[in-house]
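Residues per chain are reported as follows:
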Amino acid sequence: MKMISLIAKREYAENVKTKGFWISVAIFPIIIGGMIFLQALLQEATPTRYYLLIDQSGRYEAAVGTAIDREHQRRVLQSFVSYLLEHRKEGDLETTAANANTAADQLIDDVDADEVSALNDWIDNGGLDYALLMASPYLEADVPPFEPPEPQFVAASVPDDIDVNSNSEDIIRALRPYFTGANQVTGAEANDSETAQGELFALIYIPEDVEQFISRPGDMPPAAGTTVGIQYWSSNLTDSRLPDAISNSINSEIRAREYVFSGIDASQVRNIQRTRLPFNRLDPTAEQGEEAVSIADTIRQYAPMAFVYLMFVSLMQNVQYLLSNTIEEKSNRIIEVLLASVTADELMLGKLIGIGLAGLTTIAAWLLSFFLFLEFYSSSETETISQFMEVILGSDLIPWFVFYYFTGYLLYSGVFLAIGSLCNTLKEAQALMMPMIMVQVVPLAMMAYVVVDPHNTVVRAMSWFPLFTPYLMMNRAAANPPMVDVVGTTIVLILSIGLLIWGSGKIFRQGILRTGQPPRLMELWRMLTMRH
Amino acid sequence: MSESVLQLNNVSKRFADFQAVDGISLSIPKGSIYGFLGPNGAGKTTTIRMILEIIKPSSGSISILGQPSALQVRDRIGYLPEEKGLYKKMKAWAVIQYFAMLKGVEKKAAKQRAYELLEQYGLGEFAERKVEELSKGMGQKVQVLASVAHEPELVILDEPFSGLDPVNQVVLEDLIHDMAARGQTVIFSTHIMQHAERLCDHFLLINHGKKIFDGTVREAKASLPRRIIIETEDAIDALNKSGLILDAVEQEMPPSATNSATSRQWQLEIDENTDAQQILQQCFELGIKLRRFEFTEPTLHDVFVHLVGDSGTETAVRQEAVA
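Going line by line, the protein sequences match chains A and B.
In terms of the numbering used here, the first sequence has 357 at position 357, counting the first letter as 1, and numbering is strictly consecutive.
In terms of the numbering used here, the second sequence has 298 at position 298, counting the first letter as 1, and numbering is strictly consecutive.
By construction, these hints were calculated from the structure, which means they are not laboratory data.
Don't be surprised by glycine CBs; every beta carbon is placed ideally from N, CA and C.
It cannot be assumed that every hint is accurate.
Which chain A residues face chain B? A few, computed with CB under 8 Å, are given here [as the list claims (entries may be wrong)]:
{"#": "1", "residue": "M3"}
{"#": "2", "residue": "L6"}
{"#": "3", "residue": "R10"}
{"#": "4", "residue": "K17"}
{"#": "5", "residue": "E211"}
{"#": "6", "residue": "I334"}
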């Protein structure tokens, strides 16, 4: 026992002392933190985008202006909602219904829908100021003031060398240098103190005869190869916010006219479009009084995915250590000295424990840095994440994770230890490792599917395969899997761990003194069946 | 013979299609320095591994420090394997401490012992270095120290001299002598006869897994006829007939010789009861004028070549190169 702890301590110390260990400890929180920072950074870093409107029909300038304004207001709204989430007093996800129609959500809904009136409502109600006033009772004391985002799309004034009345080909030809950045456009509302200049992002060109091409149900589509209607020119093909907003806005303008033309009260239509019936999601297996599906329930349902992923990352890291340490001892022939001092079983057990502890240290370090991060960097994202964490830590998923983490570790480390003992170089080991990694990728790839359909027959059947059991059963944990599955797979799992450790021990004992090529299958079989 | 620390009774080891060790029996007296000699692939390492129960013999029995299994007395044994290697990232003292602790030495005592040993054998200033920063020879010395730090009763060193420079070879010989002086029994294997000759009281010579010789160095030498080399211009027929000489073989003259062309060199074999003085006197009486008279005890090298024969040639050549 003393020898085992001695070996375990050395294995642990040796791993924890390596640079690689600390890199892997640091990389996880850095990536998560980096992603959050990066997102915020990217949002702020988008430069002001200048668009140029040439409306030869003279009828849509207002609609385009509305579109741009609406796009901006939507961003203000979104930013406002996340400001609310971040600073509201008490956010209890247990009682917040998953489909709660908060006023803010509804507002976003309305703005998303093709509804100019929603924006009108928002502005008529005093817009931002009114919303802030309404929200203030629900906010924490001493919140920082809300800072609305800067407008992203800014109208540019028509450059002097452009004739707005010429045809589209000429206009585009003349504007090309502005698109490529060779020439710069000036913001339409720029004053002398700040000369807002930049590359031209988009041109919206509305031909004089555009109204001839309004298409109605039953109309023939325009002939292929002809460009009719509004032209949106931009070298950026992926940012669809501006063209979508403009297209929606102009269409809603046209529809408004159609209502008038057909003698329909447009405001009535708008109100009809905004009627709703409450829709509630309930869970029949929940306790009475808690049937309503809350956001917390939803989190719990999806949380196993995070555990499965954590398990995979941590297990892969551990077995990597196990493998490289065993191979180091083997290739340096340290193993012989060790075996003259301790038994192969003690050595194996010591390694399993030492490296297992190193793995736990990694997880602990990850969790610690995660909590520190949540503690000291507060934003709407971290606020949400820490609420998620609260739900997860309060759920009964933790014991499942601990159980499947340890059984998974024993199972896979047994296999990898045997592989390590058969190989003299990491290169040889990698060839044998590949199939084992592939095996683990299968449940990982199924992760998202299993969460949605945890009692699928195929999933249930696959859970009985011991190498999948820790992953799949963890994956299904939140869905209260049938007792027969839980007990049955656990028995199979524990039996296979016993068998595997026994077999690995045998291979280990014989493999560690091997030199030369890894054995063929037949030889492996002989190792397993040979008796001392 | 005094108390025996290790006994092998008809021990054999067969790998799938290869007889590595074939029926070896021996007994090693306590406090002796015992050599395992033999050409490469003779079965030395396999025998050692069986003694340590790293592998099990196919047949035969072993008694080590009074026990049937080395595992029961492993704390009283020190072992240096043939292929040397240490944890590269550990510091020199920590390696010695670790291996001593694996042998049951207390943490603090093991650390102290590690520093003492490093100091004593010339590595004091390298104690804090990581193994990967040491030269190969230094690393090997550290490993030797690690294998004996727990002051085992029985020390088994497999090819301890290979890879060491002459200075460090002497340091290692000193270490082995020191241990023997303290009553520790040392077994070491080598294919370099000079070390064996300088160190061993007893040795085992094996080839192709079979024991060829087992006994004291003196006994081994006695098994070889003793040789006298003479150089003369005269005929030596009369000497041959004197009855003192077992055999006379003419040898090629060494190229450096400045002697006259008629001078010839002979190797005479005499039996163990004949004194070289008698031969010299006989030559005198027979009027054989000697240009050179050289009497040397046979070396262990001679014994080795004699006993191993042709199959040992490769080793002999290698040994020349190393020495």
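Taking the hints in turn, this is what the structure says about them:
1. Taking 8 Å as the C-beta cut-off, the interface hint given for A/M3 holds, the closest approach to chain B being about 6 Å.
2. Among the interface hints, the one on A/L6 holds; its C-beta lies about 6 Å from the nearest C-beta in chain B, closer than the 8 Å criterion.
3. Checking A/R10 against chain B by beta carbon gives a least distance of about 6 Å; that is within 8 Å, so the hint holds.
4. At its closest, the beta carbon of A/K17 sits 7 Å from a beta carbon of chain B; the interface hint therefore holds under the 8 Å criterion.
5. Given hint, A/E211 at the interface with chain B, is violated; its Cβ is 79 Å from that chain's nearest Cβ, farther than 8 Å.
6. Taken as an interface hint, A/I334 checks out: its beta carbon lies about 5 Å from the nearest beta carbon of chain B, inside 8 Å.
Going down the numbered hints, you'll see the structure goes against just number 5.
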